[in-house]
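*Asks:* Each chain, written out:
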Amino acid sequence: MNTKSWTLRLGLVLLAAIAAAGAAAQTLRFGLAEDPDVLDPTLARTFVGRIVFASLCDKLFDVDEKLDIVPQLATSYEWSADHKALTIKLRKGVTFHDGEKFNAAAVKYNIERHKTMPGSNRRGELAPVSGVDVVDDSTVRLNLSAPFAPLLAALADRAGMMVSPKAAQAEGDKFGSKPVCSGPFRFVERVAQDRIVVERYPNYWNKGEIHFDRIVYVPIPDATVRLANLRSGQLDFIERMQASDVPQVNTDSRFKVAKITEIGYQGITINVGKSDLAQKNPLGRDAKVREAFELALDRDGIVQVAMDGEADVGNQWVAPSNAYYAKNMPIPKRDVARAKELLREAGVPNPSITLITPTTSDAQKMGQVIQAMVKEAGFEVKLQATEFATSLDMADKGQFEAYILAWSGRADPDGNLFSFDGCKQPLNYAGYCKPEVDELLNRSRTTLDPADRKKIFGDIAAIVLKDRPIIYLFHRHWLWAHTAKLSGFRMIPDGLVRVQGLRMSGS
Amino acid sequence: MLNYLVQRLATLVPTLFFVSILIFGLQQLLPGDPALILAGEDQDPTVIAHLHEKLHLDKPLPIRYLYWAGGVLRGDLGESVRIQKPVRELIFEKLPVTLELAALAIIIALSIGITAGIVAAVARDTVWDYAANIFALWGLSTPNFWLGIMLILFFSVTLGWLPASGYVSPFEDLKANLASMIMPAFVLGNAIAAVLMRHTRSAMLQVLNSDYVRTARAKGLDERVVVLKHALRNALIPVITLGALEFGTLLSGAVLTEQVFTIPGFGKLIVDAVFNRDYAVVQGVVLFTATAYILLNLLADLAYFAVNPRLRG
Chain A
1 MNTKSWTLRL GLVLLAAIAA AGAAAQTLRF GLAEDPDVLD PTLARTFVGR IVFASLCDKL
61 FDVDEKLDIV PQLATSYEWS ADHKALTIKL RKGVTFHDGE KFNAAAVKYN IERHKTMPGS
121 NRRGELAPVS GVDVVDDSTV RLNLSAPFAP LLAALADRAG MMVSPKAAQA EGDKFGSKPV
181 CSGPFRFVER VAQDRIVVER YPNYWNKGEI HFDRIVYVPI PDATVRLANL RSGQLDFIER
241 MQASDVPQVN TDSRFKVAKI TEIGYQGITI NVGKSDLAQK NPLGRDAKVR EAFELALDRD
301 GIVQVAMDGE ADVGNQWVAP SNAYYAKNMP IPKRDVARAK ELLREAGVPN PSITLITPTT
361 SDAQKMGQVI QAMVKEAGFE VKLQATEFAT SLDMADKGQF EAYILAWSGR ADPDGNLFSF
421 DGCKQPLNYA GYCKPEVDEL LNRSRTTLDP ADRKKIFGDI AAIVLKDRPI IYLFHRHWLW
481 AHTAKLSGFR MIPDGLVRVQ GLRMSGS
Chain R
1 MLNYLVQRLA TLVPTLFFVS ILIFGLQQLL PGDPALILAG EDQDPTVIAH LHEKLHLDKP
61 LPIRYLYWAG GVLRGDLGES VRIQKPVREL IFEKLPVTLE LAALAIIIAL SIGITAGIVA
121 AVARDTVWDY AANIFALWGL STPNFWLGIM LILFFSVTLG WLPASGYVSP FEDLKANLAS
181 MIMPAFVLGN AIAAVLMRHT RSAMLQVLNS DYVRTARAKG LDERVVVLKH ALRNALIPVI
241 TLGALEFGTL LSGAVLTEQV FTIPGFGKLI VDAVFNRDYA VVQGVVLFTA TAYILLNLLA
301 DLAYFAVNPR LRG
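Keeping their order, the protein sequence lines are chains A and R. Each residue of the first sequence is one higher than the one before, starting from 1 at the first, in our numbering. Each residue of the second sequence is one higher than the one before, starting from 1 at the first, in our numbering.
Bear in mind the hints are in silico, worked out from the structure with no lab data behind them. All residues carry an ideal CB built from backbone N, CA and C; glycine is no exception. Some hints could be false.
FRET-style restraints, in silico, Cβ to Cβ [said to hold, decoys possible]:
#, chain 1, residue 1, chain 2, residue 2, range
1, A, K178, R, H56, 55 to 61 angstroms
2, A, D68, R, K54, 37 to 43 angstroms
3, R, K59, A, P330, 49 to 55 angstroms
Pulled a few chain R residues facing chain A out of the computed Cβ check, cut under 8 angstroms [unchecked claim]:
#, residue
4, L22
5, Q28
6, E41
7, H50
8, I83
9, P86
10, L90
11, S165
12, G220
13, R277
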């Protein structure tokens, strides 16, 4: 009996071991729309890189489906009474991929690295942080020169990513070629333009949520080829599928389409003061002409034609579903008669405008629809499809009248607004500058109470949406497609794919 | 022969110098400030300033050229700003991939092109000739990217026989390597096969009508020997030149094919680098390709010697 029972137990253990090995030997093959840039959270500058970071580098905080800030490497936080210090309690027992301990000293090192490393893209996001105090091994305090509401959202993005201080010191500015963080997966190899391979980090603090052994990120820029790879079984998951492919994938039971409205937006930036050109064309010169332009647009029509319906119409820097959407400024209805009247009042019944569009097919379609719509009101729009780097240069120099430009968005509305509408801010291609708006923008940063901030954003909307340096059009849907065997995917509006909870069934 | 070789090699130096100036100069004509695109979404002014300094964009053009040329002479082609990897390393990582693709493509092109060319010449004005001509016309007029996508949809998505894109090293898995390369190599070789076919056909026709071939036939030689041994050998001279030139073209033709099939080779490297204004990568890759092109031409000239004994005297 005893022997039998032992044999049975041994058999069960062996079976369990085999099952575990079978279940564990899994790779998630992930199709990216672009090849990421350098994999160093301090220097990184592309959206696509953030998708890879989601498996490599944990952050102090994260955002959830509702864009609420949730702890990740932090466990809690507390603002000081004057809102000029943020005390963060850190998770204990966390290690970096090189075995180094994650603690308050590591946070201090990382924040200082973000702020001081030459070429750092995080400096602006952490500008008000004047110093970091190590309170104890698992408590850190960020001292600010002034209250800064978007700080938590920044710490829920690349500025909150923690890298191993030891590895960062050893590698210097080459750290990005072999990143060492504390996320669920550790870096294995990268072949530029071919693949980025990461493998499960066995000592991850939340390892119960990790159900893959490896993730292979494969950049495939062509959306048709990316989808073909999913359909032929070489990929399990693809990001940014084409809106026009959604119906086809939906009819195939082997795959699932997942979508959520982005936190970014698509809009038309108008040169209202970036260069002399602003005064030379009626659209830049006269707010009435801009109002007429907006009234001539049918946003639903644009979304249907250019995006196959895969976007939510909008008129602000955040989508109407966002908590910070200013309800006092709803989406204006199309009114061609009023648009014509406004043009007559402005003394330019047939203004002529050049609209720069990106070279993607979506953007081209968008340009053509807009061109046809505003023609009814009297606008003569000339479309100029321009390669991205060139158009960026033109925008920067103010060599444009109107420019179709998208923004990937940030969790805090500040990230969609401040740099675009603040005087002389880097992304203010419109050249918009109004002291009262600047004053409100600064107040929105120093006010921490969400209700108060919402009111300030409403006040900003009341001014900016009438001045129209940007005519916001819609918010695209993030479109993902994956094998139906994959479960546990959380759709988060920032478009990044969290690997925690993802699992494959039936293999 | 040796004199000729030395003479040709000596002309390499000024040619490459001129090429390097051309590459550098043309690159500057690309619109757009590379620092803007490299600075990414946020366009942080301090990052842009840092990139200007790092890439010497704040220096006058001749000084920038000297920085680059000086590096090249020391064997340092610079570093990709986007992914922080030395250009030399990138070249050696991507070159074998494109070379394999080009080699497979040229094998496909030669086997289809020469065979079809001989058949078309020998069976002139028959149904075989017309079929070969139609094939050539089709090959020349089919855009690479369209053919690529169609092949992917048919062989990968519908039939599921071949991987839709990507690359596997032959040292890792030879079978998977060939499976991933066969479609792109065919797409790439297809257009060249057509060109080679046309040239083989006309060269063969010319040679087949020449006196020595008539003599060979008059000697009562087997037609197969006449065609393959006597005629083809001479007819192949222009085809070899063309093949070598096309091999160079292949390296650039690979640009589109690699893009469609997402093959991490030279073509993809340079396209991505141009769009990202990763100057060091563009310059390095173009210089390398230009050098390879010049050397291939030299090799083609030397191959004449091997094939045609008259030139040796």
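*Asks:* Compare the structure with each hint and give your call.
*Replies:* Here is what the structure says about each hint:
Checked against the given bound of 55 to 61 angstroms, the beta carbons of K178(A) and H56(R), roughly 27 angstroms apart, lie outside it. Against the hinted window of 37 to 43 angstroms, the Cβ-Cβ separation of D68(A) and K54(R) comes to about 39 angstroms, which satisfies the hint. In this structure the supplied range 49 to 55 angstroms holds for K59(R) paired with P330(A), their Cβ-Cβ distance being about 52 angstroms. The restraint placing L22(R) at the interface with chain A is violated, with a minimum CB-CB distance near 21 angstroms, outside the 8 angstroms limit.
With 8 angstroms as the threshold, the beta carbon of Q28(R) stays out of range of chain A, its nearest partner Cβ sitting at about 13 angstroms, so the hint is violated. The interface hint given for E41(R) is met, as the beta carbon of that residue sits about 6 angstroms from the closest beta carbon of chain A, less than 8 angstroms. With its C-beta approaching chain A no nearer than about 4 angstroms, H50(R) sits inside the 8 angstroms limit, and its interface hint holds. Interface restraint check: I83(R) against chain A, minimum CB-CB distance 5 angstroms, threshold 8 angstroms, status holds.
Violation of the interface hint for P86(R) is found here, the shortest Cβ-Cβ separation to chain A being roughly 10 angstroms, above the 8 angstroms cut-off. Satisfaction of the interface hint for L90(R) is found here, the shortest Cβ-Cβ separation to chain A being roughly 6 angstroms, below the 8 angstroms cut-off. Contact between S165(R) and chain A, as hinted, is supported at the beta carbon level, the nearest pair being about 5 angstroms apart and thus within 8 angstroms. At about 57 angstroms, the closest approach between the beta carbon of G220(R) and any beta carbon in chain A exceeds 8 angstroms, and the interface hint on this residue is violated.
Residue-level restraint check for R277(R) holds (minimum Cβ-Cβ distance to chain A is 5 angstroms; threshold 8 angstroms).
Of the numbered hints stated above, those contradicted by the structure are hints 1, 4, 5, 9, 12, listed in ascending order.
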